[in-house]
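For the protein sequence lines, the chains are A and B, in the order given. According to the numbering used here, the stretch in the first sequence is residues 1 to 189, in order. According to the numbering used here, the stretch in the second sequence is residues 1 to 42, in order.
Just so you know, these hints were derived from the structure itself, not from any lab. Treat the hints loosely; a few may be bogus.
Stated by the list, open to error - Restricting the straight-line Cα-Cα distance to at most 20 Å, the calculated cross-link-like pairs of lysine to aspartate or glutamate (DMTMM-like) are: (1) A/K41 - A/D127; (2) A/K177 - B/E15; (3) A/K41 - B/E20; (4) A/K189 - A/E31; (5) A/K60 - B/E15; (6) A/K60 - B/D11; (7) A/K177 - A/D57; (8) A/K41 - A/E31; (9) A/K41 - A/D57; (10) A/K60 - A/D127; (11) A/K189 - A/D62; (12) A/K41 - A/D62.
Below, each chain spelled out in residue letters.
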Amino acid sequence: MQQTTNLHLSQWDASDRIMREDFNRDNAAVEAAFAARPLAKLIGVTTQASAAQIDLDISKLDYTNYSTFLIVPRITLVSAVDAGQIYIRLNNAAGLYIMSGSYPERFGTCSPADRPGVGFLVLFITDQMTGLWSRGLLFGNSSASCGEINTMIGISRAQSGVPSTLNFYEKSGNTLKAGSNITVYGVRK
Amino acid sequence: MTLNVLICHADGTQEIVVREVPDDYFQADGDDGTAAVETAAQ
Numbered sequence: 001m002q003q004t005t006n007l008h009l010s011q012w013d014a015s016d017r018i019m020r021e022d023f024n025r026d027n028a029a030v031e032a033a034f035a036a037r038p039l040a041k042l043i044g045v046t047t048q049a050s051a052a053q054i055d056l057d058i059s060k061l062d063y064t065n066y067s068t069f070l071i072v073p074r075i076t077l078v079s080a081v082d083a084g085q086i087y088i089r090l091n092n093a094a095g096l097y098i099m100s101g102s103y104p105e106r107f108g109t110c111s112p113a114d115r116p117g118v119g120f121l122v123l124f125i126t127d128q129m130t131g132l133w134s135r136g137l138l139f140g141n142s143s144a145s146c147g148e149i150n151t152m153i154g155i156s157r158a159q160s161g162v163p164s165t166l167n168f169y170e171k172s173g174n175t176l177k178a179g180s181n182i183t184v185y186g187v188r189k
Numbered sequence: 001m002t003l004n005v006l007i008c009h010a011d012g013t014q015e016i017v018v019r020e021v022p023d024d025y026f027q028a029d030g031d032d033g034t035a036a037v038e039t040a041a042q
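Isolated chain A, as found in the complex:
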């Protein structure tokens, strides 16, 4: 009897006997592989309406079974905006930004609508801190220019309190488009 490459699951040939033990072993292998996967997709949100801000409830993150949460947003704007930038606040509170000072929270984006910027952003949330690493390209609306952003920052739990919401908005209040996506992954302990 043949087996698959990774989990060694049974691949019966026409001449092979069908054995209950083979099914049980295969199912145990699948169960073990599922339990051992390092990342779990915990939240997957696709926005159903356009809005000036998206508030994502993260109040129920499981800090017992997961050491870190990775938040990967893919947000676009309703209309073309030159060098539009998405900002992120934590707990919707001034002074509790993921980034602060002269480098507020943002990642590459959004303009024009048919040529979106390329942004990569990961938020790290642990039971001790919230941090961000982003890198993105900002595409100009009326020219072929582009800018580059690259930022790392973190705030402690003592500063922020328990994270309850992440708040996404464009720096000038431009509307975030329905169909934007935010995914939260958990890293198992």
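With chain A fixed as given, assemble chain B onto it according to the hints.
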């Protein structure tokens, strides 16, 4: 001013609420967003 906010609840539901925010809400970060932007040669 008022702000349309799409709330994505933990149970997967979504709702739009209208929230009153300060007029300088979008400038509250104290930065116009250009400080970290390096414009590449066109």
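Here is how each hint holds up against the structure:
1. Taken as a hint, the A/K41 and A/D127 pair is honoured in the structure, with Cα atoms around 18 Å apart against an allowance of 20 Å.
2. A C-alpha spacing of about 15 Å is found between A/K177 and B/E15, which places the hinted pair at or below 20 Å, so the restraint holds.
3. For a cut-off of 20 Å, the pair hint linking A/K41 to B/E20 is broken: about 33 Å separates their Cα positions.
4. Distance check on the hinted pair: A/K189 and A/E31 sit about 18 Å apart at the alpha-carbon level, within 20 Å; holds.
5. In summary, the hint linking A/K60 to B/E15 is supported, as the alpha carbons are separated by about 18 Å, within the 20 Å threshold.
6. Restraint check for A/K60 and B/D11: satisfied, since their Cα atoms lie roughly 10 Å apart, inside the 20 Å limit.
7. With a C-alpha separation of about 19 Å, the suggested pairing of A/K177 with A/D57 holds against the 20 Å cut-off.
8. Taking the CA atoms of A/K41 and A/E31, the gap is about 17 Å. The hint holds against a cut of 20 Å.
9. With a CA separation close to 15 Å, the supplied pair A/K41 and A/D57 stays within the 20 Å bound.
10. Proposed proximity of A/K60 and A/D127 is supported: the alpha carbons are some 12 Å apart, at most 20 Å.
11. Distance check on the hinted pair: A/K189 and A/D62 sit about 11 Å apart at the alpha-carbon level, within 20 Å; holds.
12. Our distance criterion of 20 Å between C-alpha atoms is met by A/K41 and A/D62, whose separation comes to about 12 Å.
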